[in-house]
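K.L.:
Sequence:
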Amino acid sequence: MARRSGTPYDFDTPVERRDTGSLKWDRYKGRDIIPLWVADMDFKAPPAVINAMRKRVGHGVFGYTLPPQDLVDEVLAVLEREHSWKAEPNWIVWLPGLVTGINVACRSVGEPGDAVITTIPAYPPFLSAPVLSGRTLTAVAHIEQCSGYAFDFEGIEQAFTERTKMFLLCNPQNPTGRVFTASELQRLAEICLSRGAVICSDEIHCGLVLDPDARHVSLAALDKDVAQKTITLLAPSKTYNLPGLGCSFAVIPDKGLRSRFRHVMEGIVPHVNTLGYTAALAAYRDSEDWRIELTGYLRQNRDLVENFVKQAPGICMRHVEATYLAWIDCRELSLENPAAFFEDFGTGLSSGADFGMPGFVRLNFGCPRSILAEGLNRMEKAVDTCFS
Numbered sequence: 067m068a069r070r071s072g073t074p075y076d077f078d079t080p081v082e083r084r085d086t087g088s089l090k091w092d093r094y095k096g097r098d099i100i101p102l103w104v105a106d107m108d109f110k111a112p113p114a115v116i117n118a119m120r121k122r123v124g125h126g127v128f129g130y131t132l133p134p135q136d137l138v139d140e141v142l143a144v145l146e147r148e149h150s151w152k153a154e155p156n157w158i159v160w161l162p163g164l165v166t167g168i169n170v171a172c173r174s175v176g177e178p179g180d181a182v183i184t185t186i187p188a189y190p191p192f193l194s195a196p197v198l199s200g201r202t203l204t205a206v207a208h209i210e211q212c213s214g215y216a217f218d219f220e221g222i223e224q225a226f227t228e229r230t231k232m233f234l235l236c237n238p239q240n241p242t243g244r245v246f247t248a249s250e251l252q253r254l255a256e257i258c259l260s261r262g263a264v265i266c267s268d269e270i271h272c273g274l275v276l277d278p279d280a281r282h283v284s285l286a287a288l289d290k291d292v293a294q295k296t297i298t299l300l301a302p303s304k305t306y307n308l309p310g311l312g313c314s315f316a317v318i319p320d321k322g323l324r325s326r327f328r329h330v331m332e333g334i335v336p337h338v339n340t341l342g343y344t345a346a347l348a349a350y351r352d353s354e355d356w357r358i359e360l361t362g363y364l365r366q367n368r369d370l371v372e373n374f375v376k377q378a379p380g381i382c383m384r385h386v387e388a389t390y391l392a393w394i395d396c397r398e399l400s401l402e403n404p405a406a407f408f409e410d411f412g413t414g415l416s417s418g419a420d421f422g423m424p425g426f427v428r429l430n431f432g433c434p435r436s437i438l439a440e441g442l443n444r445m446e447k448a449v450d451t452c453f454s
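In my numbering, the protein residues as written are 67 to 454.
Keep in mind that the hints were calculated from the coordinates and are not lab data. It cannot be assumed that every hint is accurate.
As the list claims (entries may be wrong) - No farther apart than 27 Å at their CA atoms in a straight line, the calculated lysine-lysine pairs in the BS3-like style are these:
#1 Lys121 - Lys95
#2 Lys110 - Lys95
#3 Lys321 - Lys90
Said to hold, decoys possible - Pairwise CB distance ranges (calculated):
#4 Gly362 - Pro178: 31 to 37 Å
#5 Gly221 - Arg281: 22 to 28 Å
#6 Arg328 - Arg435: 32 to 38 Å
#7 Pro80 - Ser260: 34 to 40 Å
#8 Glu359 - Arg281: 17 to 23 Å
#9 Glu220 - Pro155: 22 to 28 Å
#10 Lys376 - Ala216: 18 to 24 Å
#11 Cys382 - Ala280: 33 to 39 Å
#12 Ser213 - Gly124: 16 to 22 Å
#13 Ala280 - Asn117: 47 to 53 Å
#14 Gln366 - Val104: 38 to 44 Å
#15 Gly126 - Ser213: 49 to 55 Å
#16 Gln366 - Glu210: 33 to 39 Å
Just so you know, these numbers come straight off a predicted model, no measurement behind them. Note that the Cβ used here is the ideal one computed from N, Cα and C, for glycine as well.
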């Protein structure tokens, strides 16, 4: 596992992202707004990734590329080591992005007009992919508890119909930051399997568990029956900050389900690019120390956000167990559009309406602490105006 000798990784020094074609920063080009919205971090990739890409670029040929066997072996090792899941190489289907995987999954199960269930708040593609795939969407709200957001199992059971063919799961959950327990996942799996529904499990944030006493449980690792009805979506992109390199994968143990998934991809979904594979291998194989230091830094950033929200009037949030995302309830402020309100005071956040829950905002704290502190300072000034 590569690491600079005796030197901690630098997450404090801001990296200038303006004028680099950054989606995150160019949204507010020419405006004094700190972007804390879309889910990519403002940190450089792990040094091992950067070095591996430099070496690959030095080769100079960028032809069509197969997934390297070393990468396949490393993914299987990670699944067994981190997920207690012994997978087979042929279960892996490579994808140029997780959102692609969600859309392909929706098209590969059932027929047009069938139904998909998910829970809200939800990552926006969970709400759009079923509709774009000709399916109907049923959204069941999570239950808010003191300990965090939880499944409404009764509501989920009632939402099933004879045409419900899929459940879309996000664990760790985006945007609430929940890490669902094995018992919660087991009950959810039992509901879905008893009705013959396939589960598409987005586990892209599994490497970013912040609480030492929390543990990510991969749904398909619960037992073989669950695995046969599960499409698991994974990627190094969130954990190692590589979203622009377009490399992710599905793990699909069932041969028939995997065949349908591949069939939907044919002629439409492009292959993963050379540098995406190169970065993924260096991330998984050589960047574990970097990931550990990152999660420690993000944990402190999370604490900063949670302490700010506790002291600020009119807003609240539940504890974030994983991810670098905070889901903030602004309903007491009685604002028509909280995200636009905070933009006016210089902090750019994601609108809760995009996640199926108006009145909330999502804040990305995956950035140098100085940037985060300034963003929170501007939010404090904004909230104060509501009570002055």
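K.L.:
Does each hint fit the structure? Answer for all of them.
P.N.:
Hint-by-hint comparison with the structure:
no.	hint	verdict
1	Lys121 - Lys95	violated (33 Å)
2	Lys110 - Lys95	holds (21 Å)
3	Lys321 - Lys90	violated (39 Å)
4	Gly362 - Pro178: 31 to 37 Å	violated (47 Å)
5	Gly221 - Arg281: 22 to 28 Å	holds (26 Å)
6	Arg328 - Arg435: 32 to 38 Å	violated (44 Å)
7	Pro80 - Ser260: 34 to 40 Å	violated (51 Å)
8	Glu359 - Arg281: 17 to 23 Å	holds (20 Å)
9	Glu220 - Pro155: 22 to 28 Å	violated (40 Å)
10	Lys376 - Ala216: 18 to 24 Å	holds (21 Å)
11	Cys382 - Ala280: 33 to 39 Å	violated (21 Å)
12	Ser213 - Gly124: 16 to 22 Å	violated (50 Å)
13	Ala280 - Asn117: 47 to 53 Å	violated (32 Å)
14	Gln366 - Val104: 38 to 44 Å	violated (22 Å)
15	Gly126 - Ser213: 49 to 55 Å	holds (54 Å)
16	Gln366 - Glu210: 33 to 39 Å	violated (26 Å)
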